[in-house]
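Please put together the full structure from these sequences, using the hints given.
Protein sequences, first through last, are from chains A and B.
Under the working numbering, read the first sequence as residues 52 to 411, first letter to last.
Under the working numbering, read the second sequence as residues 52 to 411, first letter to last.
Be aware that a few hints might be false.
Because identical chains share one entry, a pair is satisfied inside a single copy or across any pair of copies.
[As the list claims (entries may be wrong)] Think about it this way: if two alpha-carbon atoms lie no more than 20 Å apart in a straight line, the pair counts; the simulated EDC-like pairs of lysine to aspartate or glutamate are:
| hint | residue 1 | residue 2 |
| --- | --- | --- |
| 1 | K236 | D310 |
| 2 | K236 | D331 |
| 3 | K408 | D331 |
| 4 | K408 | E352 |
| 5 | K408 | E240 |
| 6 | K236 | E164 |
| 7 | K408 | D354 |
Derived from the structure by calculation, the hints contain no laboratory data.
Note that the coordinates shown come from a computational prediction; the quantities given were computed from them, not determined experimentally.
Take a look at the letters that make up each chain.
2 protein chains.
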Amino acid sequence: MDRGAKEDGRGGTRIVPVILSGGAGTRLWPLSRPGRPKQLLPLAEARTMLQLTLARLACLPEAAPPIIVAAESDAAEIGRQAAEAGVAPAALILEPVARNTAPAIALAALSAEPDDLLLVMPSDHVIARPEALADAVRAAAPLAAEGWLVTFGVPATAPETGYGYIRRGASLAPGVEAAAAFVEKPAIEVATALVASGDHAWNSGIFLFRAATILDALREFAPQVRDGAAAALAGGSRDGEAIRPDTAVFGRSPSISIDYAVMERAQHIAVAAADMGWSDVGSFEALYRIVARDGAGNSCEGDVLALGARDCLIRGEGVTVAAIDVEGLVIVATADAVLVARRESSQRVSEAARLLKERD
Amino acid sequence: MDRGAKEDGRGGTRIVPVILSGGAGTRLWPLSRPGRPKQLLPLAEARTMLQLTLARLACLPEAAPPIIVAAESDAAEIGRQAAEAGVAPAALILEPVARNTAPAIALAALSAEPDDLLLVMPSDHVIARPEALADAVRAAAPLAAEGWLVTFGVPATAPETGYGYIRRGASLAPGVEAAAAFVEKPAIEVATALVASGDHAWNSGIFLFRAATILDALREFAPQVRDGAAAALAGGSRDGEAIRPDTAVFGRSPSISIDYAVMERAQHIAVAAADMGWSDVGSFEALYRIVARDGAGNSCEGDVLALGARDCLIRGEGVTVAAIDVEGLVIVATADAVLVARRESSQRVSEAARLLKERD
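Structure follows, in structure tokens:
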């Protein structure tokens, strides 16, 4: 392949990473907050999740500079973190309000060339083996260029109830199969059966498709999303790499995920296998599993004294934390809020955050 | 009895409460701190432990205004809390440094009349039935006037290893016996045997004796304590009710408890039974046992969300606390420090506080 010809920005099958950084999760409360979303925090190591995502692009040197889609309110911090990571985005699309992934991807697709292959990546996942993702991207790129909507599937090794599952169908290319069915957040019995079946993969939320293909699919399955994004860009402004859609127009866009709007409905969905050491870091339990732990099974950060504590995730953010003889807990202390939860109850953290917000 | 004659401050068997408020415990860290000792905190209810102690004096209306012995650094706060409680102390003895209870009692005894009966009370205990203490004081007063050193004993109902035990000997008066032996903080096997024996009481740390008697005992068993206190008062100053011993002189006093200096050595020690609902609130477990709890067994104060939590003591001091599915924990969050401990490990809290202090 002649990379040079593909990197000139005109046609071809140029790969353009699209980093989705607009989320504002509550599942890692009180670390993540409105205004301090998970992807902008250094959760798994010294660099933030966004910076790790940007650094991952080094495994795909043939890719063009990325498009980042983020919240307008995070613009300055995103710019700072990208610069620190040594990445100059081709575009920084600043959403005036969050409208989930389908409108965000529509904005990116409309800002790219029709033939660009958009490699859509959440900015708040951990990928331990990015080269496996890069290999899968290369394996899937010809299919994407042909008009397939490619999702990257992770070997389902445990009956996770918080993930989406994809059933793998007919082989399309080495490591790439047609997606036969989607199952979103199954009950534990169903999840156990899916894992046992051996033909299901976790949906990583990473996608590869032509800009024109996804826009066509949006036109078919979610026309308000496509048209709303187009109108918001037409009425918006551009300042250097910063693109600001019109606030009122974009605010009227439906709030919907790309999975629900397109992937679970469209034809020609492919799933590319990527055994990439993936975690969505979607809970403190998930974070606990991927971080380094000491001999007592604790992962401590900040000014922490663990006295007889075992198998705990402990974070003291500017606050001293002493944990005595406790086991299997998540303890997160910030200047104004403290979480103490059983690790196995990590999924209830967003419930707690919501209840506290309602109470305020 | 002619109370009027006894309250004129000249001789007789006037009862003068002596409130010891100089402690700076670490067993309730991070609630209690240097500069924020336990007795000045509202732990068991809205009033502070010192205020509860002062309010308790209402059960003994024949008593004279109290002498308070406290740290110089707490002078303003003590004055504020006493005024709020409507108590005007006869004297506020301000220790420049803490030297444990024997020197504090020596200062008070030297500031009283020789025949005054000093009712020495720690300021950081809870007494649910103060009238039972008042009855015991009245029962023991004649013996104290005769020269007995009276300690108040609480029925030992559980094998507590953090308490001192007193073996009750020959009867001296109804409800008052000679103390036959002291056992300080026994091992659990010993404590179990002492409780089973039926003739041991917990040492409440509350005492009644003539000022002259305790000074004589100190002269015999701890002359440096008595002479040091006398010299410190002679070289010190008095400003209204505030008495300030000389810093350098008092600083040279031995640091020793009245139990160790006198009560465990002297003759004529009596123990008066007082089933007064006593707790020394010496640990978070002890605090948990005396506070009101909700249907899930939790005691929550501050901005606390207990989601599936059970049997926990939770305190959020200016900090939001969410506890999810945890059981039997102490969770204490302050602006700069957080404690999470198993309730049964409450005794290790001071160890944690010490380790953290060493680390600083």
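Results of checking the hints against the structure:
1. K236 to D310: This pair counts as within: shortest intra-copy Cα distance 12 Å, inter-copy 65 Å.
2. K236 to D331: within (14 Å within a copy, 52 Å between copies)
3. K408 to D331: Close neither inside one copy (24 Å) nor across copies (38 Å); limit 20 Å.
4. K408 to E352: between (26 Å within a copy, 18 Å between copies)
5. K408 to E240: neither (32 Å within a copy, 50 Å between copies)
6. K236 to E164: Answer is neither: 34 Å inside a copy and 79 Å across each miss the 20 Å cutoff.
7. K408 to D354: between (28 Å within a copy, 12 Å between copies)
When each numbered hint is compared with the structure, violations occur for hints 3, 5, 6.
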